[in-house]
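Protein sequences appear in the order of chains X and H. As numbered in this note's numbering, the first sequence has no gaps in its residue numbers, which increase by one up to the final residue, 417. As numbered in this note's numbering, the second sequence has no gaps in its residue numbers, which increase by one up to the final residue, 123.
Honestly, the hints are just simulated from the structure, not real lab data. Hints are not guaranteed to be accurate.
[Stated by the list, open to error] Think about it this way: if two alpha-carbon atoms lie no more than 20 angstroms apart in a straight line, the pair counts; the simulated EDC-like pairs of lysine to aspartate or glutamate are:
| hint | chain 1 | residue 1 | chain 2 | residue 2 |
| --- | --- | --- | --- | --- |
| 1 | X | K269 | H | D22 |
| 2 | H | K41 | H | E72 |
| 3 | X | K269 | X | D212 |
| 4 | H | K19 | X | E34 |
| 5 | X | K162 | X | E34 |
| 6 | X | K45 | X | D3 |
| 7 | X | K269 | X | E307 |
| 8 | X | K45 | X | D28 |
| 9 | H | K41 | H | E97 |
| 10 | H | K19 | X | D3 |
| 11 | H | K19 | X | D212 |
| 12 | X | K45 | X | D70 |
| 13 | X | K74 | X | E33 |
| 14 | X | K269 | H | D84 |
| 15 | X | K269 | H | D89 |
| 16 | X | K45 | X | D55 |
| 17 | X | K74 | X | D38 |
| 18 | H | K19 | X | D38 |
| 19 | H | K41 | H | E75 |
| 20 | H | K74 | X | D55 |
| 21 | H | K19 | X | D5 |
| 22 | H | K74 | X | D38 |
Read off the chains here:
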Amino acid sequence: MSDVDWINATLTAARAQAIGALLRYFRDLDTAEEAFQDACLRALKSWPQNGPPRDPTAWLILVGRNAALDGVRKRGKQVTLPPDEAISDLDDAEASLAERLDGSHYRDDVLRLLFICCHPELPDTQQIALALRIVSGLSVRQIARAFLVGEAAMEQRITRAKARIAQGGVPFETPGAVERTERLAAVAAMIYLIFNEGYSAGDGSARAELCDEAIRLARLLLRLFQTEPEIMGLTALMLVQHARAPARFDAGGEIILLEDQDRSRWDGKLIAEGLALIDKAMRHRQPGPYQIQAAIAALHARAARPEETDWVQIEALYVALERLQPSPVVTLNRAVAVGKVRGAAAALDLIEPLAPRLSGYFHFFGAKGAFLLQLGRTAEARAAFNQAIALANTPAEANHIRMHLDRLMRDGAPAGN
Amino acid sequence: MQYAILCYNDEDVVWSWSKEEDAAVMARLGVVHERLVKAGKLGPALRLLPTTSATTLRKSDPPLVIDGPFAETKEQLLGFYVIDVADLDEALGIARELAAVNPGGAYEVRPIALYNPDRRSGA
Numbered sequence: 001m002s003d004v005d006w007i008n009a010t011l012t013a014a015r016a017q018a019i020g021a022l023l024r025y026f027r028d029l030d031t032a033e034e035a036f037q038d039a040c041l042r043a044l045k046s047w048p049q050n051g052p053p054r055d056p057t058a059w060l061i062l063v064g065r066n067a068a069l070d071g072v073r074k075r076g077k078q079v080t081l082p083p084d085e086a087i088s089d090l091d092d093a094e095a096s097l098a099e100r101l102d103g104s105h106y107r108d109d110v111l112r113l114l115f116i117c118c119h120p121e122l123p124d125t126q127q128i129a130l131a132l133r134i135v136s137g138l139s140v141r142q143i144a145r146a147f148l149v150g151e152a153a154m155e156q157r158i159t160r161a162k163a164r165i166a167q168g169g170v171p172f173e174t175p176g177a178v179e180r181t182e183r184l185a186a187v188a189a190m191i192y193l194i195f196n197e198g199y200s201a202g203d204g205s206a207r208a209e210l211c212d213e214a215i216r217l218a219r220l221l222l223r224l225f226q227t228e229p230e231i232m233g234l235t236a237l238m239l240v241q242h243a244r245a246p247a248r249f250d251a252g253g254e255i256i257l258l259e260d261q262d263r264s265r266w267d268g269k270l271i272a273e274g275l276a277l278i279d280k281a282m283r284h285r286q287p288g289p290y291q292i293q294a295a296i297a298a299l300h301a302r303a304a305r306p307e308e309t310d311w312v313q314i315e316a317l318y319v320a321l322e323r324l325q326p327s328p329v330v331t332l333n334r335a336v337a338v339g340k341v342r343g344a345a346a347a348l349d350l351i352e353p354l355a356p357r358l359s360g361y362f363h364f365f366g367a368k369g370a371f372l373l374q375l376g377r378t379a380e381a382r383a384a385f386n387q388a389i390a391l392a393n394t395p396a397e398a399n400h401i402r403m404h405l406d407r408l409m410r411d412g413a414p415a416g417n
Numbered sequence: 001m002q003y004a005i006l007c008y009n010d011e012d013v014v015w016s017w018s019k020e021e022d023a024a025v026m027a028r029l030g031v032v033h034e035r036l037v038k039a040g041k042l043g044p045a046l047r048l049l050p051t052t053s054a055t056t057l058r059k060s061d062p063p064l065v066i067d068g069p070f071a072e073t074k075e076q077l078l079g080f081y082v083i084d085v086a087d088l089d090e091a092l093g094i095a096r097e098l099a100a101v102n103p104g105g106a107y108e109v110r111p112i113a114l115y116n117p118d119r120r121s122g123a
């Protein structure tokens with residue numbers, strides 16, 4: 001790793017905290033972003049010569065703030081500036097700023113920055129794009145590539161999202177306990193959205209890297225909110241799911257189902273971290289949706305072979321999840337566990353009532369087809385699989401179902417149905 | 001003389017490395033490790049998971065279990081080596097070699113008072 005790589009990693013790591021602090025100071029997202037950008041350019045020039053500062057984040061905040069203030073003065077704009085501490089020596093100022101940074105200020109800065117990306121009026125795709133641009137610092141081109149859209153279109157999407165936020169105003173007051181919890185929940189949901197964008201793509205694609213970024217953001221959030229069991233749960237959930245990435249697709253890009261995956265290819269380090277976080281979360285005895293989903297993922301991870309999977313426990317966890325967060329998708333997932341424990345007929349009974357609400361959902365028809373197939377109702381299975389193909393989100397999903405269909409054609413033909 | 005080399009670095013930075021950067025650092029460290037093993041100087045070495053996965057037991061009465069690492073610091077303890085060397089100069093030399101291939105942070109070189117080898121059966 002060269003100096004430049006190290007500096008880039010440092011800038012990435014400091015970004016959320018630095019922009020968050022600059023946003024508190026300037027109360028304007030564009031100014032904060034530009035100030036940080038300016039500080040980064042100066043860091044690239046100064047650090048290789050003078051060595052890295054003792055506290056890179058504090059350095060970036062201070063230099064960024066001064067640069068932006070200069071800019072404001074030069075443009076001769078009449079703006080109300082926050083009280084300016086006299087800065088004679090950068091080192092001293094950096095040290096005192098670093099001390100002040102350790103307070104809770106800092107946590108709320110990062111939380112605020114993430115939270116403004118979760119504006120309820122912004123559609124999911126805009127929230128994600130905005131967070132990746134502002135918080136993660138991905139270039140518009142990188143984000144466009146991840147979403148498979150043109151650069152101009154992505155630029156427009158981000159600009160529009162920023163305008164929305166500016167209209168709504170940034171919530172600057174320090175949040176109370178209840179508000180902080182609400183913000184954390186919104187931010188957790190947004191991070192999980194980023195993860196799922198990456199997860200739905202195959203390994204190796206530009207979009208798959210969003211999983212790593214979501215995990216990085218979750219670890220960052222957890223470092224600031226060490227005692228939040230749901231943030232532990234979210235982080236654990238993503239870690240354990242992401243651990244399977246090397247085994248989820250075959251060389252041709254086709255989906256490999258959980259039970260068919262080569263478990264020796266799962267990433268043991270990610271699983272260990274995930275399991276440790278679940279254990280920590282459980283001690284709090286405040287179950288939440290992320291913790292339960294993480295616990296389910298952990299039961300899969302703990303089974304050395306698919307036959308050893310504790311489906312009874314998994315079903316019980318889905319029941320708990322349904323109670324906390326009722327949704328037809330959760331019930332569909334429970335049905336898969338029911339299918340393993342009590343058979344396909346019981347599973348089919350459970351999902352029949354979901355049909356009206358999941359009529360546009362790929363996995364509903366995939367699961368339904370699989371249950372029907374197990375029961376030997378091949379004609380109905382074929383109809384369900386065909387519907388699934390029509391609703392597939394990715395070519396890999398469609399191909400996976402086609403594989404079932406091919407097998408059906410092959411094995412089903414002699415039966416003459 | 002046995003020394004521990006305690007590895008401190010900003011974990012936000014270390015966990016911001018891309019997979020490729022991480023693999024490159026580990027590969028270069030591997031070369032140094034290999035040389036130390038051959039010279040009979042390297043004992044156990046370990047890399048720790050992020051401090052977010054840590055739990056701390058405060059030895060108060062009654063003991064208090066706290067989420068997170070023992071201390072909130074700018075740079076965190078991310079791992080350590082045990083080395084067997086003649087003196088501090090040699091220990092610092094090894095730390096220098098490691099530092100040359102692993103950017104950022106600091107190595108604390110500290111003599112070991114008591115060393116219990118792994119005594120699990122089969123270890």
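Exercise for review: Sort out whether D89 (chain H) lies within 20 angstroms of K269 (chain X), counting only the CA atoms.
Suggested key: Distance ~35 angstroms between K269 (chain X) and D89 (chain H) Cα, so the pair is violated.
Check your understanding: Has the given pair, K269 (chain X) with D22 (chain H), been kept, meaning a C-alpha gap of at most 20 angstroms?
Key -> holds, 14 angstroms
Check your understanding: Holds or violated: are the alpha carbons of K45 (chain X) and D28 (chain X) at most 20 angstroms from each other?
Key -> violated, 26 angstroms
Practice item. Measure nothing beyond the straight line between the CA atoms of K19 (chain H) and D38 (chain X); if it is 20 angstroms or shorter, mark the hint as holding. Key: violated, 28 angstroms
Point to revise | Pair hint K19 (chain H) and D212 (chain X), alpha-carbon separation not exceeding 20 angstroms | key: Holds: K19 (chain H) and D212 (chain X) sit about 9 angstroms apart, inside 20 angstroms.
Practice item. Starting from K19 (chain H), check that the Cα of D3 (chain X) is at most 20 angstroms away, please. Key: At roughly 17 angstroms apart (the allowed maximum being 20 angstroms), D3 (chain X) and K19 (chain H) satisfy the hint.
Check your understanding: Keeping to a limit of 20 angstroms between CA atoms, is the pair of K45 (chain X) and D70 (chain X) held or broken?
Key -> Given that 20 angstroms is the threshold and the Cα spacing comes to 19 angstroms, the pair holds.
Point to revise | Holds or violated: K74 (chain X) to D38 (chain X), with C-alpha atoms at most 20 angstroms apart | key: This hinted pair holds, its Cα atoms lying about 15 angstroms apart.
**Study point:** Pairwise hint evaluation, D38 (chain X) against K74 (chain H), where the allowed Cα distance is 20 angstroms at most
**Key:** Judged against 20 angstroms, a Cα distance of about 24 angstroms means the pair is violated.
Point to revise | Restraint status (C-alpha distance of K41 (chain H) to E72 (chain H) at most 20 angstroms) | key: violated, 32 angstroms
Review point. Holds or violated: K19 (chain H) with D5 (chain X), Cα cutoff 20 angstroms?
Key: Judged against 20 angstroms, a Cα distance of about 13 angstroms means the pair holds.
Review point. Quick one, are K74 (chain H) and D55 (chain X) close enough, alpha carbons at most 20 angstroms?
Key: Given that 20 angstroms is the threshold and the Cα spacing comes to 8 angstroms, the pair holds.
Violated hints, listed in ascending order, are 2, 4, 7, 8, 14, 15, 18, 19, 22; each of the other numbered hints is respected by the structure.
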